[in-house]
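2 protein chains.
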Amino acid sequence: MDQSDLHAPKWQFSERARKLTSSAIREILKVTERPEVISFAGGLPAPVTFPAERMREASDRILRDTPGAALQYSATEGYLPLREWVATRYSVNGAQIRPSQVLITTGSQQALDLLGKVLICPESPVLVETPTYLGALQSFSMYEPRYVQVPTDDNGLIPAALTPELTAGARVLYAQPNFQNPTGRRLPIERRRALAAFAQGAPFPVIEDDPYGALDYAGEPLPTMLSMAPDHIVHLGSFSKVLAPGLRVGYIIAPEELHFKLVQAKQATDLHTPSFTQRIVHEVVKDGFLDTHVPTIRTLYRDQCTAMLAALERYMPEGVSWNKPEGGMFIWVTLPAHIDSMKLLDEAVAQNVAFVPGAPFFASDAQHHTLRLSFVTVPPAKIDEGIARLGALLRARV
Amino acid sequence: MDQSDLHAPKWQFSERARKLTSSAIREILKVTERPEVISFAGGLPAPVTFPAERMREASDRILRDTPGAALQYSATEGYLPLREWVATRYSVNGAQIRPSQVLITTGSQQALDLLGKVLICPESPVLVETPTYLGALQSFSMYEPRYVQVPTDDNGLIPAALTPELTAGARVLYAQPNFQNPTGRRLPIERRRALAAFAQGAPFPVIEDDPYGALDYAGEPLPTMLSMAPDHIVHLGSFSKVLAPGLRVGYIIAPEELHFKLVQAKQATDLHTPSFTQRIVHEVVKDGFLDTHVPTIRTLYRDQCTAMLAALERYMPEGVSWNKPEGGMFIWVTLPAHIDSMKLLDEAVAQNVAFVPGAPFFASDAQHHTLRLSFVTVPPAKIDEGIARLGALLRARV
Chain A
1 MDQSDLHAPK WQFSERARKL TSSAIREILK VTERPEVISF AGGLPAPVTF PAERMREASD
61 RILRDTPGAA LQYSATEGYL PLREWVATRY SVNGAQIRPS QVLITTGSQQ ALDLLGKVLI
121 CPESPVLVET PTYLGALQSF SMYEPRYVQV PTDDNGLIPA ALTPELTAGA RVLYAQPNFQ
181 NPTGRRLPIE RRRALAAFAQ GAPFPVIEDD PYGALDYAGE PLPTMLSMAP DHIVHLGSFS
241 KVLAPGLRVG YIIAPEELHF KLVQAKQATD LHTPSFTQRI VHEVVKDGFL DTHVPTIRTL
301 YRDQCTAMLA ALERYMPEGV SWNKPEGGMF IWVTLPAHID SMKLLDEAVA QNVAFVPGAP
361 FFASDAQHHT LRLSFVTVPP AKIDEGIARL GALLRARV
Chain B
1 MDQSDLHAPK WQFSERARKL TSSAIREILK VTERPEVISF AGGLPAPVTF PAERMREASD
61 RILRDTPGAA LQYSATEGYL PLREWVATRY SVNGAQIRPS QVLITTGSQQ ALDLLGKVLI
121 CPESPVLVET PTYLGALQSF SMYEPRYVQV PTDDNGLIPA ALTPELTAGA RVLYAQPNFQ
181 NPTGRRLPIE RRRALAAFAQ GAPFPVIEDD PYGALDYAGE PLPTMLSMAP DHIVHLGSFS
241 KVLAPGLRVG YIIAPEELHF KLVQAKQATD LHTPSFTQRI VHEVVKDGFL DTHVPTIRTL
301 YRDQCTAMLA ALERYMPEGV SWNKPEGGMF IWVTLPAHID SMKLLDEAVA QNVAFVPGAP
361 FFASDAQHHT LRLSFVTVPP AKIDEGIARL GALLRARV
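In order, the protein sequences belong to chains A and B. Take the first sequence: its position 233, counted from the start at 1, is 233 in the UniProt record's numbering, and no numbers get skipped. Take the second sequence: its position 272, counted from the start at 1, is 272 in the UniProt record's numbering, and no numbers get skipped.
Hints are supplied without guarantee of correctness; some may be wrong.
Since the list can't tell identical chains apart, any single copy or any two copies may satisfy a pair.
The calculated lysine to aspartate or glutamate pairs, modelled on EDC-like cross-linking and capped at a C-alpha distance of 20 Å, are [said to hold, decoys possible]:
| hint | residue 1 | residue 2 |
| --- | --- | --- |
| 1 | LYS30 | GLU77 |
| 2 | LYS343 | GLU57 |
| 3 | LYS343 | ASP154 |
| 4 | LYS382 | GLU347 |
By construction, these hints were calculated from the structure, which means they are not laboratory data.
Same shape as in the complex, but just chain A (with noise of 0.2 Å):
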């Protein structure tokens, strides 16, 4: 026993802490912040779509024309133009609504969070997909559900498959219908509109987790099912994607009583979302600057994207299948079912190529044959050259 030994405090955790573990991608992404290697892992947006100068003629004339505003505390439901520009901006397709539903949240991911906090006890039954979106089986885990997968196909969520049965007991849907990540699937109009019913009967909230919702690539957007059944949609909105994810804005459109619980759950968690964050994101997108500034984004990751289904289609053997995503920043990618793709991204990261294993994805039952590749980071070239590396050590193991 050496010196530190002796002097390390023993600490009893919570119950919920002793079950933590370091998220896969986080410790793949410390890997492949090496220079050389050809990181697929990474959602990470691509900075060139970041718009830097206009944030900084934003911060500029926030912090010349209103600096006691953007640098002091302030209300915990966020900065109230934000909310009114939020509520217009879903007032569409028929629906209404209100400033008062919406909650500026620090990410999606505290968005998540609260909803946890709010909706889930010990043992709820929490509805996810197969697969789910890794970052929010991390949040609800810190409430300790017990996850009940809905099946999926192609297409996504199968609302037939959400019978009483399955149902019994939940406290919460999840469930991403826009280009989901992992997958890249879009949920079709039709299911939507099932999913939107069922939720209009079922005793609790459907939650739809909306990130990629504008990287459309043929800029023809399904309606939310928020627009749908506005009252029983649960909607979560980020900046992070259309603007620049290092700000962490993004937001909850929820029916009033649970609002009203969500704002108080925020009170006690970080008090507010920055001040001064919010009011840069007003101040860049109050005149329509998405309008002009998404388009851009959607061009190059559908570049990219066509880039790599080419070399996909290319390097990959017989026996791997992949999906064409109509938008988003993932590709879902089935191996042979004998193949461990967790196992695989060891030799991966040997030959300087990166991906995650799907695997994480699942609440239950993973699919170790399956992974996400991201085509976002990585311009079409080095797509190219990292898709080759991948297939070469594919085409060794089937």
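Let chain A serve as the given structure and place chain B on it in line with the hints.
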């Protein structure tokens, strides 16, 4: 039953959410937003102390020189140069603080939430001062502890009261040694030594929450307990009172084992504190700015504290007593035992003056004849006028 009732969803909230009530301070602050109200309620730093011009220059430099990094996702632990700055600043009086012990948080309130998440199980005993910081009670209560109040006197927490009976099974002890919120009390050096020694033998961490430490009017800060027992004290710091609260940047200094759990919990909670605000804080403080800036805040608050003490002397009737703070932002007032400060507040607001009743600061057995006055947001002439109104109300009641 009207239309909206028919459509309002009936969702089940978690046990912790059902217990949630809005903070008394929060409700009062809403009332006191009217400009004619002289409010001693808010703990809002005086905006004149915000170094807005420096922040504007810093923001400008950051978004010109490193926009990609400042606007991108970043490490959960926080911006490394800022963590290094914090570690260096606390490596005094023989203590060596490592950057690996420092986690940057979205304000100190998030530090409290993360500590609750990682340390508290339902019914865990949690030791708090009598009275204690309301925001800590709000954060910890989300994890459903059983509070145990530690006796205090005019010098704060009494270390000799920490008997094995009182502390049995405790998961954490929470204390604010410097100019405590709400009492303004400072823990003397002998008690700090005793509490640090207690921490070294305790099977749970002692939290030293220190948002006001830099604001001692004589410029003669007492050593932190962290410096006395760096492996056994968890120290919380904040830039809210020395720079600006609207950026929401604070930090936790903790032994690595706890630090690692806190990082995992923070990842699930909001991924990381905004990259941009962390870099602004670092850019502003890195060259010693606080050494010249903080004394100007101290002088301002000391003068306003002096004005309030003089006004109390002038206008308060016999039977009302208060302490004389050596720093910080608050004065704690004790009324004759038959006066309930919550009821007094209604009358006071009608006379356009506000304060915070003392009761919400007690975990149990509230002393209803106490109240908290903040002197930092109101200029001296208004302080005199506001205390005069309050004195008139009390003279009619004693």
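Hint by hint, here is what the structure shows:
no.	hint	in the structure
1	LYS30 x GLU77	between (35 Å within a copy, 13 Å between copies)
2	LYS343 x GLU57	neither (47 Å within a copy, 49 Å between copies)
3	LYS343 x ASP154	neither (25 Å within a copy, 62 Å between copies)
4	LYS382 x GLU347	within (19 Å within a copy, 71 Å between copies)
In summary, the structure is inconsistent with hints 2, 3 from the numbered list given earlier, while agreeing with the others.
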